[in-house]
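Throw the hints in and build the complete structure from the sequences for me.
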Amino acid sequence: MSFSFSKENLEKITELKTRYPSPKALCLPCLWMVQYQEGYISLDAIDAISKQITIPPMEIYRVATFYTMFHLEKSEKLQVDVCKTLSCKLCGSDEILKHLETKDVKVNHVECLGSCGTAPVMQIDDKNYENLTKEKVDAVLEELA
Amino acid sequence: MRECKIVSKKFHLQNSHTLEVSRQNGGYIALEKIKECTPTQIVQIIKESGLRGKGGGGASAGDKWELMPQDSEKPSFLAVNCDESEPGTFKDRQIISYDPHLLIEGILITCYAIKAKHAYIYIRGEYKEYQDILQGAIDEAYDAGLLNECDITIHRGAGAYICGEKSALLESMEGKRGHPRLKPKQKEPEWFFGNPTLVNNVETIASVPFILENGANAYRSYGTEKSPGTLLFAMSGHINTPGVYEAEFGTNMLEYIENYGGGVKNGKKLKAIIPGGVSCGVLTAEECEGLTLDYEALRGAGSSLGTGGMIVMDEDTSMPEALKNILEFYHEESCGQCTPCREGSGWSDKIVGKILDGQGKKEDLEKLFELADSMNGKTICVFAPSISTVLVSFITKFRQEFEALVS
Ligand SMILES: Cc1cc2nc3c(=O)[nH]c(=O)nc-3n(C[C@H](O)[C@H](O)[C@H](O)COP(=O)(O)O)c2cc1C
Ligand code: SF4
Ligand code: FES
Chain A
1 MSFSFSKENL EKITELKTRY PSPKALCLPC LWMVQYQEGY ISLDAIDAIS
51 KQITIPPMEI YRVATFYTMF HLEKSEKLQV DVCKTLSCKL CGSDEILKHL
101 ETKDVKVNHV ECLGSCGTAP VMQIDDKNYE NLTKEKVDAV LEELA
Chain B
1001 MRECKIVSKK FHLQNSHTLE VSRQNGGYIA LEKIKECTPT QIVQIIKESG
1051 LRGKGGGGAS AGDKWELMPQ DSEKPSFLAV NCDESEPGTF KDRQIISYDP
1101 HLLIEGILIT CYAIKAKHAY IYIRGEYKEY QDILQGAIDE AYDAGLLNEC
1151 DITIHRGAGA YICGEKSALL ESMEGKRGHP RLKPKQKEPE WFFGNPTLVN
1201 NVETIASVPF ILENGANAYR SYGTEKSPGT LLFAMSGHIN TPGVYEAEFG
1251 TNMLEYIENY GGGVKNGKKL KAIIPGGVSC GVLTAEECEG LTLDYEALRG
1301 AGSSLGTGGM IVMDEDTSMP EALKNILEFY HEESCGQCTP CREGSGWSDK
1351 IVGKILDGQG KKEDLEKLFE LADSMNGKTI CVFAPSISTV LVSFITKFRQ
1401 EFEALVS
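Line order of the protein sequences matches chains A and B.
Anchor point for the first sequence: position 62 equals 62 in my numbering, and the numbering is continuous, going up by one each time.
Counting from 1 along the second sequence, just add 1000 to a position and that's the residue number in my numbering.
Keep in mind the hints are simulated off the structure, nothing from the lab.
Beta carbons are placed, not taken as given, at the ideal position from N, Cα and C, and that holds for glycine.
A partial selection of chain B residues facing chain A, derived with a Cβ cut-off under 8 Å:
1) E1084
2) P1087
3) G1088
4) R1124
5) E1126
6) R1156
7) A1158
8) A1160
9) E1174
10) S1236
11) H1238
12) P1242
13) G1243
14) A1322
15) I1326
Below, the structure is given as structure tokens:
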């Protein structure tokens, strides 16, 4: 499957290039654009990024696999990132995780989301859901379904 | 306890993130002052204020600014660290969502002082909601002509704790894996594509407008001699009203927790506190008695102030489980460059897991101390030494709990 950047993203790339001393800096921004455009990062997309930013595809691939928020495969299910780090654990994230296992979603155990004061917390499509209870999880999933 | 709001002054206002509300409440007044000062004068004011970096290390901000060349042929840059991934830390997030214009004003003053024409804000990927608020404020600032002489660009990370380490952050911005760089022997700036670059935490930069507006002495009127000013301390874990509350350095730790946190949840007794993110050694309740929140006091207690994000644990907390949780974090987040860290983080996690499963032996505790030793001071960055500190502090201070689990 071939990949090409949308017109809007190409414009964004042109603008961003003026903001950095080297086009190499656009590696992460371009990976984000691809992920929003396609839902995941394909090898074809990596080739397309490479043409824009003078980094070889293999190197971009190495970078993409280093960062946990980049997905190199398409996921059919809703991705739910649940924080399992200490403050959330102290405030009951285990129970939330167990509850989510019964749902038809892809649960990812992630590290601290920076919402420790409103623990436990999960993130879906860039949005945080805080002070979770089982009921709140149900309500959120129902709303998103 | 004296209430002091230097950075959080406007947080409670409605629409505090907008330029209009910011301006109505004293925003961008300090920026006017730069017209009266040369760049080096501003660096001097920051030096005199004693401002210390608020990203965890507590290094003198003025000393770092002074390393930036004033007559460089290469462009200079500012990189603002909003990676905020240290567990227990959620303060920079408050600044960018409740007073982004304070940060922008601080950036403009800082860039003037270090002669930078472009600032980048490196923000963790998980903060998209707050990034959007910050971008909205930057757009407003562009429209109002505030950014004619200095650009601000947000650079989004993508889920890697280590990118908060300043050289890893710059590697990441250069389009690479977030691998910390070897430290140079001499003092020098950081480098972004070979250009001199200053890296400071969001809260450090957000403290600059107050200092410029009110003077170094006004800042020093808060806090202690060696830790001047305030910090957005935070509490999470077993606490009644968790959150971020600004206080001056030198504030009594337990009073702070009573006063702002409403004490330990469910009327339980305090067992332990990790004072400033999980990279700081754990403190027992007894050790917290009389302890004050400043760099020197926490160091004296064998821990460190870190980011000031306190994790509070009640009497029923299992310390081996808490340790396992932290080790999982380290295991997951090691960047993998140094063998002691890559292997040690995994091994220690595995061994504590084995102990919790009832499969542990007495020798395993000694093995953990050996691992801690192997990770201390033999790596590129201080990530591995932090694991070492955490391991030793947990096992030494709560030894009976670990011994009860091993045969
Ligand atoms: C493993 C590691 C993680 C770090 N994470 C952060 C972070 O998330 N945010 C931050 O501001 N500083 C972090 N730091 C500290 C930075 O390296 C750097 O010292 C700091 O951003 C400098 O700003 P300051 O002097 O204003 O604190 C981290 C350091 C290490 C060793
Ligand atoms: S100590 Fe750990 S995190 Fe730091 S550079 Fe080495 S492997 Fe990476
Ligand atoms: S520990 Fe879960 S958000 Fe910080």
